[in-house]
Amino acid sequence: MVITIPNDIKSEFEGYDYIITWINKYKDVKNTEIIFDFSRVTFLEANLCALIGTIFEIIETGKNKISLQNIKPQVEIILRKNEFLIPFGFSKILDNNGTVLIYKKFTPNDDLGFNNYITTQLLKKPQFPSHSDKLGKEITRNIFEIYENARTHGQCDFIHTCGQFYPKKPDKPLHFTIVDKGVNIKQNVSAFFNIDLNAADAIDWAMKKGNTTKTGDTSGGLGLAVIFEFIKLNKGKIQVISSDGFYEYKNGNVTKKRLGSIFEGTIVNIKFNLNDLNHYSLGNEDEYFENIF
Amino acid sequence: MKHLLIKDIINSELAVSTENGEKVFEVVDFYLQKKEKVELDFSGITIMITAFLNAAIGKLYGKKEYTPEFLNEYLKLENVEKEDRSLFKDVIQRAKEYFANKEDFEKNSNNAIYGDD
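Chains A and B, in that order, give the protein sequences.
Each residue of the first sequence is one higher than the one before, counting from 19 in the numbering used here.
Each residue of the second sequence is one higher than the one before, counting from 19 in the numbering used here.
You may find that some hints are simply not true.
[Unchecked claim] Here are some of the chain A residues that sit facing chain B, going by a computed Cβ distance under 7 Å: (1) 61; (2) 63; (3) 133; (4) 159; (5) 162; (6) 163; (7) 236; (8) 238; (9) 279; (10) 307.
[Unchecked claim] Quick list of in silico lysine to aspartate or glutamate cross-link-like pairs, EDC-like style, CA-CA up to 16 Å: (11) A:152 <-> B:40; (12) B:82 <-> A:32; (13) A:152 <-> B:99; (14) A:226 <-> B:115; (15) B:20 <-> B:99; (16) A:152 <-> B:101; (17) B:120 <-> A:235; (18) A:275 <-> A:32; (19) B:55 <-> A:308; (20) B:100 <-> A:235; (21) A:227 <-> B:37; (22) A:232 <-> B:99; (23) B:41 <-> A:308; (24) A:232 <-> B:37; (25) B:114 <-> A:32; (26) B:94 <-> A:32.
[Claimed, not checked] Chain B stretches covered by chain A per the calculated footprint, using a threshold of three residues with CB under 8 Å from any CB of chain A: (27) 28 to 34; (28) 45 to 52; (29) 57 to 64; (30) 109 to 117.
By construction, these hints were calculated from the structure, which means they are not laboratory data.
For every residue, glycine included, the Cβ atom is placed at its ideal position computed from N, Cα and C.
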């Protein structure tokens, strides 16, 4: 079976809608040799590898064998630099510009592996605000919050991540994507309230401070809210896709839409603005820290 | 007074997982149960997230004997970077709400099952 990948899939509503419809079309195929044909692809947003890797995980669940063909040289270079093509027999090309965060998948208990990934792929990159800079620290904190959220709530087999810096653009964005194929946010929130919620509304609910589906002897409900508040200050962008819900915050606006089909997992795609001159003094930092309890 | 270095308890500079937060909670709880004062030292921690703090600090509010007055007297937080302090405030406020609601929720559930008189 040959599947032709269209050109220029973007991390926008239409792009996700297209990819997720397409996953659902092929997710029940079993014991088949599937060839992905890249001949039409002239550009690929590198961080979308986290989503493509998740699709491959879904397809491999059906004991299918995946191979790739007709990858254009400019696309191949990106996908060898970020190591996405390594399992398909390609060798690594060194990323001399330091703009790539390699594609990697983690098991949910591999927090040491993820720590190591963030240290080598992000904190040590010359493009990244230096470690003493509060912006760099806030970005790192937010990435760990997303990862921990996927680990805690997704009950997934793997967490796929990938990222890319664009230092030549005016806002010097860092795009970072985390995808898990596990329990989606709609399932978690609907089970918590025991009602069938609209998926985009469930995501919206989960983004607010204090809202959590966690029960038991540990409190929750801050992780996504902390990220959301930071993205607002940073003038970045966050997209969360879970079940058939699409949620996006950018330029001060929230957009909620319904996808044409259901994604059995969660995609978090964030654009951090590295050309951010805010100081993140967070107002009350000099406050007396005694008697905090 | 027991001095506890977080970095040594979790064997990392990154305080980023619920599990590591629980390790810290266990150790702090051990000494507080003995009514020994604890200095919890965050020096060397470079990144900290709410999930870690929910488990390490927030979970203390799940124990009724750890009132805010008790914790203020017996638990001192040291070397917390200024920019991390607002996280503590959020986590502590959230834990207080969560465990207050949890108690109400459990009381109401019991009342629904067993009656309230």
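Checking each numbered hint in turn, tell me which of them this model violates, lowest number first.
1, 2, 9, 11, 12, 15, 20, 21, 22, 23, 25, 26, 28 and 29
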